[in-house]
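For reference, the chains in residue letters:
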Amino acid sequence: MKIMKINDVKSICRVTALLAVVVVATVAASTLTAQEPESAAPPSDLPTGKQVMDRYIEACGGEEAFGAIKNRYSESTLEFVGQGIKLEIKTWATRPNLIYILMESDITGKVEKGCNGEVFWESSLMSGPVVHEGVQHVMGVRDSTFERFVNWSDIYETAECVGMTEVGDHNCYEVVLTPKEIEGMEEEGAYHPVHLFVDDTDWLIRKMNSAIEIPAGTIDVEALAGDYQEVDGVLLAHRLQMNMLGQQRLVTTEKTEHNIDMPEDRFALPEDVQKLVDK
Amino acid sequence: MWGGTDESERWTVETLHEFLDPVFASGTGWQRNVVQRHVYVGSHGQIGWFEEISERIEGVPMRTTGVVRHTDGQWKIVQYNTSFAIPNEIVADVADLIREAKGAGDDDQPGNDNDDALSDEQHQQVRESFDYVWQKVRDSYWDENLGGVDWEAARDELQPRLEAAETMAEARRVLDELVSRMKVSHFSIIPSEAYRELGTADEPVNRRGETGIDVRIVGNDVVVVAVRPDTPGAEAGIRPGWILTRINEIDIPARLATVREELADNPHARVILASAANSRLRGPVGESVTCSFQDENDQTVEHTLNLITPRGKAVQFGHLPEFSVWVEQRTLDNGIGYFRFNAFMHPPLVMGQFNQFMTDHMDAPGIIIDVRANGGGMGEIAVGMIGWLMQGERQSLGKIVLRNQELKMIARPRATTYDGAVVVLIDEMSVSAAEFFAQGIKQATNARLIGTRTAGAVLGSQIEKLPNGDGFQFAAANFITADTGETLEGIGVPPHETVAPDRQSLLAGKDPAIEAAVQWIKNQQTSPTDDGDTK
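Top to bottom, those sequences are chains A and B. Going by the numbering used here, the residue at position 49 of the first sequence is 49; the numbering climbs one at a time, nothing skipped. Going by the numbering used here, the residue at position 488 of the second sequence is 1488; the numbering climbs one at a time, nothing skipped.
Where hints are given, some of them may not hold.
[What the hints assert, rightly or not] With a straight-line cut-off of 35 Å between C-alpha atoms, the simulated DSBU-like cross-links for lysine-lysine are:
(1) 90(A) <-> 1465(B)
(2) 180(A) <-> 1399(B)
(3) 1510(B) <-> 86(A)
(4) 110(A) <-> 1399(B)
Hint data in this document are derived by calculation from the structure and do not stem from the laboratory.
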């Protein structure tokens, strides 16, 4: 008899709890800044971390080209691979660490995230306005840094080349970026190192491994970068495949514009977020 | 309802009038000469049925069957179906002609012809689907021990059956059998046909139609607990408290007894029984179901109910077949706010309205949130709702357990929160995220749960497409409560106060759970410590 089967619960369980941890990430090429920290000493047959990062920046267009970019607007698609879910994302970013991310869909409703340089916040129909504190604040403010791998020395204490490994068909140097400690911010988990895998032939970043901290816990993320395209003289990865929580998320960038006119209040805190800050 | 010989001919009284009135008004029509007719009347003298053979101009005999009902001193036709008899020796030829007339396009889609022999390509697709399902469960199910199920043995046993499958329906049964071995909720194979019902701009939506009647198991009966206004159920005069005794050819009491016996050891028996009864009252929009009821006077009455487009917003989420999401809210006479919705989905609709509801009812003496028969959805919506109702600091409601990862579900209070009396209504059809919500609000607030124990189907899942075009719902995560450290799967959330629907109250037009909720809120205003638990 058909209705005897356990699977008949499916008719009501198809509308089901989903693990909708949405992570918006970008990979951007970058350039070195004037003040450069000392890299850790590498094994004798490896370049230093700084040397690898220098080659990476040069391969992506060079310091001058990146320096000419004051801000960026991009439109991307975040796909939950295999699950038939796609979200449209718009991102506005500018120096030094101002960012505003907007995602609107029937699946999530309107979701906003941003950093005005000091406050890392988000707001959605589901959560209401939230001002992140502690670890999330530290990581959010730091990782909002414009061209963070170009300006890596602003936020990372050391860049250490620790070995070579294969990423797909690419032979890569593995560079470990260790974040600088921020005074008064000693939260455990705020200083996870970032492992970059830089191609030894074309010097592009092929993979990034890191851990991110969200209120739910620590999530290990492997991000594979690809489809580098030149935009205004710099190479930017337009495809980022993230492996996390046993699932694949694919970020595809469809449009990038630089040095656009951004309204002054583009990165201002929304009223309800400001109220929380003032509380 | 008039069923014509063409597949598209499903005429309701209204559509038939629309078509025929102008024809008759012009003075034309047609004549059918009946050459044979048999009429039968049921033992109560209210319902009759007939069969007849008539001759058409083309000379091909037409067979007609129908149902008549005695109303206001007249016999009226409630169902009328016409058909041509096809000699057995030419059935195959006619079938070919029908397929040809319907076009070959559908044949390109895998799994479309459930009863047709599988092509080599389709057979390969179901093999790949079987392997994908088997490996996915092995590698990604939240418990690496797979709940003690001998997964290798399941594959070894079922693979030969898959190889022997001759049709897509048979192959799908094997896939179904495979995932059912896990013996937990949130595993299912969704037939590819479900996706082809999705609407597009050129092809109207074909969601599962409804009658407007909601039923539950009450004692040994399937009882109507609600009839929504302006639906076929309401227009037929069906009332809460009536006992459903037959749906089409199915004898409900007999089926209920059989199923109960066979489900004796199944932890999801309650929700399976309740959902099965309700699902029998649904079907393609435009079709109908014929139901028998025992009314308030214990008289048997029969109604043929059209299936209408379900209420609410049509929602598409990933690989879930399209479904409807609706919200119902009002302020009761005593100022208490009442909010009900059927799924934790579509935040613009559900959270948008809930946020407004909370803003409008911040000064209300109490709030009732009704998640009875709520099919679940996104846990984030549940967390967001709890944020309106909790006080103090943010807190963990429990953890999501994946194969190699645990994540806390954190609720944080909104900037402004409601501190009045809150009641959540639950029942055996509160499923998944609705159960998580009930458990979370029980833990994080002083809210009271009233109703019956929830379904006990609380796992996190995702849905992927298989090579044969079917959907595969897969339980990827377990949920562990923060307060007890236990799973809710197979257990459910018990209410603080058990209030189940009873026939007498329903016949009196009452909803016992809402009445209990209102009473408790009133008590809180006078004697906040009196919780009157009936655990």
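Here's how the hints hold up against the structure:
1. 90(A) <-> 1465(B): 28 Å, holds
2. 180(A) <-> 1399(B): 31 Å, holds
3. 1510(B) <-> 86(A): Violated: residue 1510(B) and residue 86(A) sit about 44 Å apart, past 35 Å.
4. 110(A) <-> 1399(B): Distance of about 26 Å is within 35 Å: holds.
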